[in-house]
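Each chain, written out:
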Amino acid sequence: MTSVAKLVRSIPLNGFRFATDAVTIEAASPAARLSIRATKRGVTSLSKSLGLTLPADPSKSSKKAGRHALWLGPDEWLVVDEKLAAEDLIPKRASREFSVVDVSHRNTAFIVSGDDAATALNAGCPRNLSLKAFPVGACSRTLFGKAEIILYRTGRTVFRVECWRSFAPYVRDLLCEGAKDVRN
Amino acid sequence: MTRIPARGSRLGTKTISFTFDGKTYEGIEGDTLASALIANGVHLMGRSFKYHRPRGAIAAGAEEPNALVNVFRDSARRQPNVRATVQEIYDGLKAESQNRFPSLAFDVGAVNNLMSPALVAGFYYKTFKWPAKAWDHVYEPFIRRAAGLGEAPTEEDPDHYANRYAHCDVVVIGGGPAGLMAAKCAADKGNSVIVCDENAAFGGWLLSDTDLRVDGMSGAEWAAAMVAELQANDNVRMLNRTTGFGYFQQNMVGLTERITDHVSRPAPDLPRERMWQVRAGRVIIAQGAIERHMVFPGNDLPGVMLAGAAQTFLNKFGVPVGERIGVYTACDTAYAAAFDLYEVGCEIPVIVDHRTEVDAQILKQAEDLGIEVIKGGHISEVTGRLRIGGIVVKSGADTEREWDVDALIMSAGWTPSLHLSSQSRAKPVWDETRGIFLPGESPQACICIGGCNGTDELADVFAQAAESVGGKAPKCKIEDDVSTSGGMSGATGDSLQKGKAFVDYQNDVTAKDIALAVREGMHSIEHVKRYTTNGMATDQGKLSNMHGLAIAADLLDKPIPQVGLTTFRAPYTPTTFGGFVGHTKGSLFDPRRKTPIHDWAAENGAEFEPVSLWDRAWYFPRRGETMHEAVDRECRTVRETAGIFDASTLGKIEVAGPDAAAFMNIMYTNGWDKLKPGRAKYGIMCREDGFIYDDGVVGKLAADRFHVTTTTGGAPRVLNHMEDYLQTEFPHMRVWLTSTTEQWATIAVQGPRAREIIKPLVKGVNLNSESLSHMSVSECEICGVPARLFRISFTGELGFEINVAADYGRSVWEAVWARAEPLGACVYGTEAMHVLRAEKGFIIVGQDTDGTVTPHDAGLSWAIAKSKPDFVGKRGLQRPDLVKAGRRQLVGLKTSDPKKVLQEGAQIVANPDQPIPMDMLGFVTSSYWSGTLKHSIAMALIEGGFDRMGEKLYVPMEDETIEVEVTGSVFYDPNGDKVND
Amino acid sequence: MLLIHCPYCEDDRPELEFANAGQAHVVRPSHMSEMSDEDFEGMFFIRDNPKGVNLERWRHIHGCGRFFNAVRHTVTDKFLKVYRAGEPRPTDAELAELLK
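Protein chains in written order, with the numbering used here: chain A, 1 to 184; chain B, 1 to 981; chain C, 1 to 100.
For the record, the hints were derived by calculation from the structure and aren't laboratory data. The C-beta atom is built at its ideal place from N, Cα and C for all residues, glycine as well. The reader is advised that the hints may include incorrect statements.
Stated by the list, open to error - Among chain A residues calculated to face chain C with C-beta under 8 Å, some are:
1) Pro-58
2) Ser-59
3) Pro-74
4) Glu-76
5) Pro-126
6) Arg-141
7) Glu-148
8) Ile-150
Said to hold, decoys possible - DSSO-like cross-link-like pairs, simulated, lysine-lysine; straight-line CA separation at most 30 Å:
9) B:Lys-952 - C:Lys-100
10) B:Lys-472 - A:Lys-92
11) B:Lys-681 - B:Lys-585
12) B:Lys-189 - A:Lys-132
13) A:Lys-83 - B:Lys-763
14) B:Lys-763 - A:Lys-92
15) B:Lys-868 - B:Lys-674
16) B:Lys-585 - A:Lys-146
17) A:Lys-92 - B:Lys-681
18) B:Lys-978 - B:Lys-763
19) C:Lys-78 - A:Lys-146
20) B:Lys-472 - A:Lys-132
21) C:Lys-78 - A:Lys-132
22) B:Lys-585 - A:Lys-180
23) C:Lys-100 - B:Lys-427
24) B:Lys-681 - B:Lys-759
Chain A on its own, in the form it takes in the complex (with noise of 0.2 Å):
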């Protein structure tokens, strides 16, 4: 048996950053992500299991200790963790209430932030941005120019825009047209 070193993740796009005076758009850093669908019994479960309450609100999230779960469906959560590897955040045991599927490596996400960061996420998402609309905390699938993202506002002026992977180079060309855009 040959002996490997434990291999690194290589996310799309490692260190990518742009910015304008109005916008930041960043690669964000590797994370753990679970795919979650669960009965209402599994919801709470898992919540006992993860340490914080999958929402059962529509478009709604919930955070603690840089682990957040957005609502993306009404038996549909995506987790993110930015300390801990997936592994270690899967329950051990199967369950006939849910099911968990390791995602991290499907996606990859950006952080947009800047006063203007929503006006350059408008440039190819048709959805309301405003902060009445879609308030810090909001989460939700919608769609980029022509990529499907999850989209969740972090800040007032800060979105962490989540995408498969393949479609990081898309979203980043997209992101940054819209980013030149804002103020001309």
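Given the coordinates of chain A, work out where chains B and C should sit on it, guided by the hints.
Chains B and C alone, transformed into the frame defined by chain A:
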């Protein structure tokens, strides 16, 4: 020509130089191309579409039908059909007239004008009927040459365009007095507001009116103050040079903002245009009204224009449109224009008023200025060739009098602009007393205010604007003595019988044409429109609709509302394709998906092919190799040694939950109950109609968990198909689906030495056939990271497929390659993969099937579980057409000449000597040169193919007929021994 | 672009997030194999194409992923009602009420 700078509310001070038809002119900052040309004494700006008649600007804004020019910056940036009345001049602007040869003043095509009796309404319908043969070589080329206004650029558009989605409480379309007041009142109430105006400056007709005073300010001053107030409000976005071109469902309006078309040297970063897709809580339409022209013979000579346009040229740009100006009107507003022109020193020899009754006060004003007014008169003739020279006027007593003029201004009244209201699906309402259509109630949350609502008095306009947004207008002191009463629609004098009195300038439709259409049986306005082209194309009936309608109604002796109004369509004014495209071009046209191993392949010389949205490594040519040689080598190496292949694009779906197996039983034709965890199976998915929808290998990881693979292109629709059944037909099943396509990088290692290559990298499973037999799956560690290792083969050789989390994909790939390369293995691409699988007769869904092929047709009956009570497609497979004899079945083909490679898609016949059209038995679906077998191989769908084994058939091609023999579709290792090594 | 209310997200969302999924309330019988050819034809191939009220399925495919049903007027494009998958078809009386 003189300028009256004091009158130009929009004029700057800088002199600007531009060219028109190659000649250099000077204008002043703020000018439009039309105002600058008129200031230079140039009225002739274009030739008409059909008759090539000389034309000048009729209007001063977006409704202009005549003065269409080609504006260009360089060979790629050429924009045809730009309205000279809208285009702002900039230093170095180059414009050319259109639709003339060799020059604007002498145009050969003008012979059409002489031939015009032959070119009447319905000319095309009447002429290009028969013989049918003439269509290809005579009629169509002729029509194509004649069709179209202006010339499209031939090069790729080098400019870029932006898109923006926006939401607001109130969007106001039109920034005249009504729009500005509505925006102010809406903003005062705390609403978010977007207000747009198609012009460079907000203010609308206030900028063209010098008589009006609001709180002591001129109209232009009042507008400027409003603009300053609105701009200071963070909740308000002001978009000038922005046209509200379309009103779509649920209060979405499309705005196109022109950003650089007025700039001499635009910054390269700036988009040329920005398309706004605005969803508003409420839409305030303040589009204003469009002045109608008078319909009389010769009403299209350069120098003839709308009175309001002349007033705009004077008061906005300081340009009097002539020195000796006649007036022909049926509406009071033309008097104001005439008085304005008189004030700056123009001579007004006569005002011909079509009405017999005219307001006494206005007559007195004219009399005081010494202007003669002829009541109840009409213009029967005009003189001049490239510019009007005189008018002949007939009045009640039928006496004819002539005047010399160098311009003629006219007004038949004002048509409320119902375009956006109509697009919002409001039905126009006829106002009998005023003879105009007014906007009806819209099913959407929108309100028309001001001119487009038929409201003229400024005080009423303000009140209406405030009310439209639930606000209150500030008290203003308004001084405005201009009357707007009067107006008419239809032809004047004898113009239904004599001469060319244009109703639609852009489409060269005369009053006589409308009359002819009615005579020939077109009794609905929709028919009249199509027969005559009245109000079609970019004009959208802005000037022509009401006149056309009135003439038709009169001849039909029906009230106007009974004849109907044609529907207005978006866009309101021509909108560039670039604007619609927005960011969606170049690298942003479509996402180009790349696997985690893509960059390695690129660094190692791969050629790529697009497969759905993916770029896939196609083949890896070594120095000097052709594609054929490379693919041959890759295939040979896999068969003799081993090859590694990036299969990451395969769709993957995790099917998990206690009812996972039951769900798989429904979705796939195969049975899944007996499959043990750790085993894998080839699965076929059908649609309800029994046709193959997708296929792939499925690994059972645990009793309640499957790793399902799909075709590369099929991944999204397969997941959708599964979700559909799960959510709507079998919601009681406890099973969940998760796309994991991109979670896993998939590396196929195939060939006799595959095991040897990966063995040292794998931990947690013994790779021998006892513990990991063909069609198995194991969760283990590879290169120290968790992996799903399949023992499967799409090549017919001993094979493995490694799945590792995608961020480790490239590292694991490199580790495998470091093992493989010294053993003489290769990297192979999709082309070799296709050859290898075809040698084994493995199908590719979408290539060997086309949505009409059942598993039986594809020779896959073994994959259909007989005992299952139900699966999607089970009932469909029993349909009479699917069980009858003679269906096309998938077979192999060997060419009699082994070197001949068939063309995919080629048709197959039994007898090549039969007459055309031949009786076709089927077609080739896959075809390759097999280096391993030293002959070409092919798969084909052929009627009754399974019963034709050994039969000779023929493939007729353009230059030869190829003989083939029908065979089984497994060409290589028919017993399948190798995969079990 | 339509604005569609998703009964699961409880929010109006742009049409781009949705995919139309054809006629609603087409029932797939539990005993498919016993279906006559005529019934299969009716179930699989034949669809209504009304001018006016149409009962149709949508999927909030780029949103919560749920299929749901909608009553849409094909002339005005107005959504008169949306309801979750599995909820009963509105009665004719209810549909008439919606049209008022």
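Each hint tested on the structure:
1. Pro-58: At 5 Å from the nearest chain C Cβ, A:Pro-58 passes the 8 Å test, so the hint holds.
2. Ser-59: OK, holds: A:Ser-59 within 8 Å of chain C, min 6 Å.
3. Pro-74: Constraint on A:Pro-74 satisfied, holds at 5 Å.
4. Glu-76: holds (7 Å)
5. Pro-126: Nearest chain C Cβ about 4 Å off; hint holds.
6. Arg-141: holds (5 Å)
7. Glu-148: holds (5 Å)
8. Ile-150: Hint on A:Ile-150: violated, closest Cβ of chain C at ~10 Å, above 8 Å.
9. B:Lys-952 - C:Lys-100: Measuring from Cα to Cα gives roughly 69 Å; hence the hint is violated.
10. B:Lys-472 - A:Lys-92: Measuring from Cα to Cα gives roughly 66 Å; hence the hint is violated.
11. B:Lys-681 - B:Lys-585: violated (42 Å)
12. B:Lys-189 - A:Lys-132: Holds: B:Lys-189 and A:Lys-132 sit about 17 Å apart, inside 30 Å.
13. A:Lys-83 - B:Lys-763: holds (27 Å)
14. B:Lys-763 - A:Lys-92: holds (20 Å)
15. B:Lys-868 - B:Lys-674: holds (12 Å)
16. B:Lys-585 - A:Lys-146: OK: B:Lys-585 and A:Lys-146 at ~12 Å, within 30 Å.
17. A:Lys-92 - B:Lys-681: Holds - the C-alpha atoms of B:Lys-681 and A:Lys-92 are around 27 Å apart, at most 30 Å.
18. B:Lys-978 - B:Lys-763: Distance ~25 Å between B:Lys-978 and B:Lys-763 Cα, so the pair holds.
19. C:Lys-78 - A:Lys-146: holds (26 Å)
20. B:Lys-472 - A:Lys-132: holds (26 Å)
21. C:Lys-78 - A:Lys-132: holds (25 Å)
22. B:Lys-585 - A:Lys-180: The given pair, whose Cα atoms are some 16 Å apart, holds under the 30 Å limit.
23. C:Lys-100 - B:Lys-427: Holds - the C-alpha atoms of B:Lys-427 and C:Lys-100 are around 19 Å apart, at most 30 Å.
24. B:Lys-681 - B:Lys-759: holds (23 Å)
In this structure, the hints that do not hold are numbers 8, 9, 10, 11, in rising order.
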